[in-house]
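Model the full structure from these sequences, guided by the hints.
Here the protein sequences line up with chains V and F, keeping their order.
Position one of the first sequence corresponds to residue 108 (my numbering), numbered consecutively onward.
Position one of the second sequence corresponds to residue 6 (my numbering), numbered consecutively onward.
Just some of the chain F residues that point at chain V, by a computed CB distance under 8 Å:
# : residue
1 : Asp103
2 : Phe105
3 : Thr118
4 : Lys125
No wet-lab data here; the hints were simulated from the structure.
Even for Gly, the Cβ is constructed at its ideal location relative to N, Cα and C.
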Amino acid sequence: MKKIIAITALLLSFISASAQSGKSIYQKYSDADSVSAVYISPAMFRLIGKLPDMHVEGNDVNLTPIIKSLSGLYLIDSQNPKINAALPKEVERLISKGQYELLMEAKDNGETVRIYTDGTETVVNSFVMIAVDGPGTTFICLDGKMNRDDLEKVLASQMKD
Amino acid sequence: MKRIEDIENMELDALEEQAKADNAPLPEGFRERLEATLAAKAIADGASPKPKPKPRKGKPVFKPSARKLMGWLPYAGAAAAIIVAVLAIRNKDRELIDTFDDPALAYAQVEDTFRQISDKMSHGMELASGSESTEDMPANNNE
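Shown next, in the form of structure tokens:
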């Protein structure tokens, strides 16, 4: 009897521990109504990496190193009210399970943007952004071994003047 | 004249007959006291526990006890956990399909995603710089 309880508890803890990731959130919501979703696999990132050096339009920043370091891109753009309500909770669960730290939070006129990163001072293993803006919610997750300086340079280069 | 001892030894029917024959008047308030006593007896009989029905002969009726049901609970939990685990693993193993076949299109999407992230970040920066400039403003502008 005790063994059964122990095995059940182990199974449930395994399921709950392995449930949350950018991939699992993508799998859960990508096929829903009023949702547009983008997935780029590690294989596709390897192919992109073989293209000639890519530069950000109008900038000298080279995207190639950061693209070569990516292993997955998951994007969900939802206009579905149910999913809009569920996505922030899913992200909260994902954040609470990992070693994520809040990089930025901005709230303005009902729009909320939160950006989290998981990694070390020099390497970012996962980058998560959730933006809730009125009728729409956007979830972006980048997985890989990104150099933090390279990532910051790319993001800074694309910021509005 | 009958003695009390004789009256006590008489049968109920004989007593009743004697009472009718003597036509003796009832003591004052006797009827009310009698009715109150009978009512109290009826209430006392109603409150007393009913005797348990005797067990019926023949086939025994199966009534699962709560203890027996609780005994099955771990097995039911284990079965539910295994089903959930199988479903979770099946869902996890579902292969994701690349949105793009063309690396150039995928690259354009990556660039667009970085632009989206940058837009949101720059908006946050604007808000932060706006609040900083508000903090720098003097509290009293009349000077």
